[in-house]
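Enquirer: As they're listed, the protein sequences go chains A and B. Quick note: to get the working numbering, add 12 to the position in the first sequence (first position is 1). Quick note: to get the working numbering, add 6 to the position in the second sequence (first position is 1).
This list has only true hints and no planted wrong ones.
The calculated lysine-lysine pairs, modelled on DSSO-like cross-linking and capped at a C-alpha distance of 27 angstroms, are:
#1 B:Lys163 - B:Lys8
#2 A:Lys332 - B:Lys245
#3 B:Lys56 - A:Lys199
#4 B:Lys232 - A:Lys302
#5 B:Lys256 - A:Lys233
#6 A:Lys233 - B:Lys245
#7 B:Lys254 - A:Lys233
#8 B:Lys161 - A:Lys199
#9 A:Lys302 - A:Lys274
#10 B:Lys227 - A:Lys100
#11 B:Lys235 - A:Lys302
#12 B:Lys227 - A:Lys39
#13 B:Lys8 - A:Lys199
#14 A:Lys199 - B:Lys155
#15 B:Lys235 - A:Lys39
#16 A:Lys332 - B:Lys254
#17 B:Lys163 - B:Lys113
#18 A:Lys274 - B:Lys232
#19 A:Lys28 - B:Lys163
#20 A:Lys227 - B:Lys190
#21 B:Lys235 - A:Lys28
#22 A:Lys332 - B:Lys256
#23 B:Lys254 - A:Lys335
#24 A:Lys274 - B:Lys245
#25 B:Lys233 - A:Lys39
#26 A:Lys302 - B:Lys233
#27 B:Lys256 - A:Lys302
#28 A:Lys39 - B:Lys232
#29 B:Lys245 - A:Lys227
#30 B:Lys233 - A:Lys274
#31 B:Lys163 - A:Lys199
#32 A:Lys274 - B:Lys254
#33 B:Lys205 - B:Lys8
#34 A:Lys28 - B:Lys233
#35 A:Lys233 - B:Lys190
#36 B:Lys161 - B:Lys56
#37 A:Lys199 - B:Lys113
#38 A:Lys302 - B:Lys254
#39 B:Lys201 - B:Lys190
Since the hints were made in silico from the structure, they are not lab data. Remember, predicted model here, so these are calculated numbers, not experimental data.
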Amino acid sequence: MSIFLVLEERSGRVSKASWEALAAALKLGAAQDVTAVAIGAQTEALAAEAAAKNVGKVVRVEHPLLARYSADGFLLALEQVVRREEPKCVVFPHSYQVRDYAPALACRMGQVLIGDVIAIDEGPIFTRQLLQGRLTGTYRHRGDGPCFVSVQAGAFRTDSNALERQGGAAAIERFTPEIDAAQIRTKPGEPFREAAQTVDLGSAQRIVGVGRGIKEQENLKLVEALAETLGAELAASRPICDNGWLPMERQVGSSGQTVAPKLYLAVGISGAIQHLVGMKGSQCIVAINKDPDAPIFEVADYGIVGDLFEVIPAVTEAVKAAK
Amino acid sequence: MKIVVAIKQVPDRDAPVRIAPDARWIEERDLQWAMNEPDAYALEEALQLKERYGGEVVVLSAGPERVGSTIREALAKGADRAIHVVCDDLNARDALGAAKLLAAAIKPENPDLVLTGLQSEDVGLGQTGVIVAELLGLPHATLILHVDKTDAGLKVKRELEEGWFQEIELPLPAVLTIQSGGNKLRYATLMGIKKAKTKELRSINAAELGSDSAPVVALEKIAAPKKQKTTQILSGSAKEAATTLVEKLKTEARVL
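Let the sequences and hints guide you as you build the complete structure.
Expert: If you want it as structure tokens, here you go:
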């Protein structure tokens, strides 16, 4: 009854989200039952990193055609190794890459991925968010085959000793999948960034984040005035940047920047997880929103429930008065 | 290019949601509904592709009768015709069950391209497009912001994490899931709304698609989220709350 942990690489190392997935895997079974899977064209370094963690063994799934990620390549390789080892569960970090292939992998095995999981309880019962974080739902796997699970970034802690290995490194095995170049139908290009970033939100001490609640571009001047008074950088949730009201480089969240300032003031931001993952590590979070049930209040230290068009000018004035 | 766009009707973002008495889903009575926003971007991409390369845009939506209003909105924005897979139990289906319905409806259409949003704003599984591709045996790409046609098929711009992007080339037919923000959404014109009434809207009963199977994954219970922090809600008038906030940020949190 083994548990697969599919590792993901980030700049040549195992990603932090992969270790969070290990923490989740350890909720589903004992460390000696966890098989860490390193997949790629050259996986030696990843495998060595994994072998130093609290896992039963490591499998290197290697093939030259896996050098750059493609859904077809990863699907073929992982399907073969899953069919050979027949794990009870397969755990992934819920990354953009995993979202691209894991649903199809589960489907190929007649299964359904339980994606973006935030908690695992006895059962196992999996909790995930619904309606952009306004509610949560608990799920159970009913199929006979392996249970595929991906876990949300930041939901499982990696600072526990349980992840660290006592004693020598875990055994490392190799598996060479059969892949033909013709089976890979997509041609993925080299990752790139758009124009160089000119705003470094990551080093800002104070940030005012603005969301849909601001309603119109015209109204941005209210938050600009607040940011200026606070000596804060202005940031936004995705919809504001999608509308072109602020440049993409001011976007905080899974597709933008991750920030952890001393003060994060969320204005008219409901708090969908895509935004929360980018700012919930802030030291002090203030939320201003008209909806008392908005998920942003779950991570806020201070909250004001009210009309931001009244509250924001009042806060700006109060900051000025206190100077 | 013949394009099928799969769209979902979801609770309106600003509509208050209440947990149903059996705690298995939300109370749907008196709820306002809207087109899932990522699907609106998928529709926009389809309409723009048609404007650039010609062809046909067919919208497809599964759900109960109320879904008709969202389908008509898509027709008013410029889709040529629509297919409504009538099913009252969409919520009881898992991602595979829902994708099977859509794939069965798409297959006889033989489209060049299938587009859908990257995820729904209600259950947020983010799996439908990928599973539909798998069921139809088509290549796919996800989180797409821009689509160009090439001699060999498509060249698309895919969003990666933390501000990175990637171009992917893939042959047609293919399935793409569209990320929001790649285009500006259009509004339906008065003329569009008028025209929509004359456009073909075909209903198929889910049962006719013969794709019923017991769900592998079941949503058992919904609840309000657990609080991660104790939030001090500051009450009073805007001015009072603002004054208290600034004081607390200074003396309690010490961040000012």
